[in-house]
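J.: Sequence:
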Amino acid sequence: MVRAGLQAHVAGRVIARVDVLHPRAIRRHALGPEDFTGRLAGARIEAARRRGKYLWLELSDKEALLAHLGMSGQMLVQPEGEPDEKHLRVRVRFTDGGPELRFVDQRTFGGFALSDLVDADGELLPSTIAHIGRDPMDPQFDPKQAVRALRSRRTEVKRALLDQTLVSGVGNIYADEALWRAKLHWSRLTEKLTNAQGTLLLESAADVMAEALKAGGTSFDALYVNVNGQSGYFERSLNVYGQADRPCPRCGTPIRREPFMNRSSYFCPRCQPRPRRK
Numbered sequence: 000m001v002r003a004g005l006q007a008h009v010a011g012r013v014i015a016r017v018d019v020l021h022p023r024a025i026r027r028h029a030l031g032p033e034d035f036t037g038r039l040a041g042a043r044i045e046a047a048r049r050r051g052k053y054l055w056l057e058l059s060d061k062e063a064l065l066a067h068l069g070m071s072g073q074m075l076v077q078p079e080g081e082p083d084e085k086h087l088r089v090r091v092r093f094t095d096g097g098p099e100l101r102f103v104d105q106r107t108f109g110g111f112a113l114s115d116l117v118d119a120d121g122e123l124l125p126s127t128i129a130h131i132g133r134d135p136m137d138p139q140f141d142p143k144q145a146v147r148a149l150r151s152r153r154t155e156v157k158r159a160l161l162d163q164t165l166v167s168g169v170g171n172i173y174a175d176e177a178l179w180r181a182k183l184h185w186s187r188l189t190e191k192l193t194n195a196q197g198t199l200l201l202e203s204a205a206d207v208m209a210e211a212l213k214a215g216g217t218s219f220d221a222l223y224v225n226v227n228g229q230s231g232y233f234e235r236s237l238n239v240y241g242q243a244d245r246p247c248p249r250c251g252t253p254i255r256r257e258p259f260m261n262r263s264s265y266f267c268p269r270c271q272p273r274p275r276r277k
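Under numbering that gives the first Met the number 0, the first residue of the sequence shown carries the number 0, and numbering increases by one thereafter.
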């Protein structure tokens with residue numbers, strides 16, 4: 000959702016100046032704020048691109064302004080002169096005098112860095128994320144290869160699904176939703192997956208994310224917004240995530256919550272029975 004909004008509002012525009020208002024916002028740019036702002040001044044934004052959870056603005060000089068939103072980062076398009084947001088970290092102004100791009104981040108876990116573009120997997124990617132796998136919504140995503148990669152890992156299926164080097168873009172929420180649709184328990188071992196189960200799981204992940212995209216994403220609070228500040232509404236369609244003790248939409252069994260990697264996993268104990276371990 001954010002990538003599409005950026006493509007519509009900033010692609011084709013030339014950067015006039017960049018103001019770094021908090022140093023943590025560019026801590027990943029090792030050469031510091033002067034190098035960061037100096038190299039961006041005069042650069043033309045060719046396109047907004049994404050792979051998995053990583054977002055970047057492709058620049059005219061074969062560089063990329065790589066962004067990660069972290070837990071609370073927002074990319075907002077605002078008219079010049081609009082009052083600054085409380086947690087404004089970076090401001091990008093353009094030569095046309097039109098709306099500016101603002102990076103707002105309450106928890107300062109997100110940020111920017113400049114990166115060279117390199118050829119990886121037949122595509123130009125920022126060098127620092129060239130190892131990230133394609134996601135299920137990518138037109139060139141290879142399901143058979145992804146299933147083989149999942150099955151080759153000696154781990155639980157949800158851990159593998161969250162491994163961005165195998166399959167990117169799937170987070171905790173959409174992993175739980177995909178596992179529910181595929182009727183797989185999160186702790187099933189990857190080597191026990193059949194080809195059919197692996198294929199169904201990845202198809203389910205793609206379907207979940209496509210439906211979420213149509214609904215504007217999943218917004219649980221005011222921090223999760225598009226570039227125009229609008230929230231997404233897919234949380235109203237979640238079948239298991241955050242639904243502990245509510246009836247499963249498929250069979251009526253109460254949804255269960257279990258701890259998982261400092262987070263939670265939600266599942267239906269009847270539709271997604273825990274695998275037996277010998």
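FYI, nobody ran anything at the bench for these hints, they're computed from the structure. Check before you lean on any hint, since a few could be wrong.
[Claimed, not checked] Lysine-lysine pairs mimicking BS3-like chemistry, simulated, CA-CA at most 30 Å apart:
1. Lys191 / Lys143
2. Lys143 / Lys85
3. Lys191 / Lys85
4. Lys61 / Lys182
5. Lys52 / Lys85
6. Lys143 / Lys182
7. Lys213 / Lys52
8. Lys182 / Lys213
9. Lys85 / Lys182
As the structure is a computational prediction, the values presented were derived from the model and not from experiment.
J.: For every hint, state whether the structure bears it out.
T.: These are the hints, each one checked on the structure:
Simply put, Lys191 and Lys143 have alpha-carbon atoms about 16 Å apart, close enough for the 30 Å limit, and the pair holds. Only pairs whose Cα atoms come within 30 Å are accepted, and Lys143 paired with Lys85 is rejected, the gap being roughly 47 Å. With a C-alpha separation of about 50 Å, the suggested pair Lys191 and Lys85 falls outside the 30 Å cut-off, and the hint is violated. Under the criterion of a C-alpha separation no larger than 30 Å, the hint pairing Lys61 with Lys182 is inconsistent with the structure, at around 44 Å.
The suggested pairing of Lys52 with Lys85 holds, with an alpha-carbon distance near 25 Å, which does not exceed 30 Å. For the suggested pair Lys143 and Lys182, the alpha carbons sit about 20 Å apart, so the restraint of at most 30 Å is met. Of the pairs offered as hints, the one joining Lys213 and Lys52 holds, with about 18 Å between alpha carbons and a cut-off of 30 Å not exceeded. With a C-alpha separation of about 24 Å, the suggested pairing of Lys182 with Lys213 holds against the 30 Å cut-off.
For a cut-off of 30 Å, the pair hint linking Lys85 to Lys182 is broken: about 44 Å separates their Cα positions.
Checked against the numbered hints given earlier, this structure breaks hints 2, 3, 4, 9; the rest are met.
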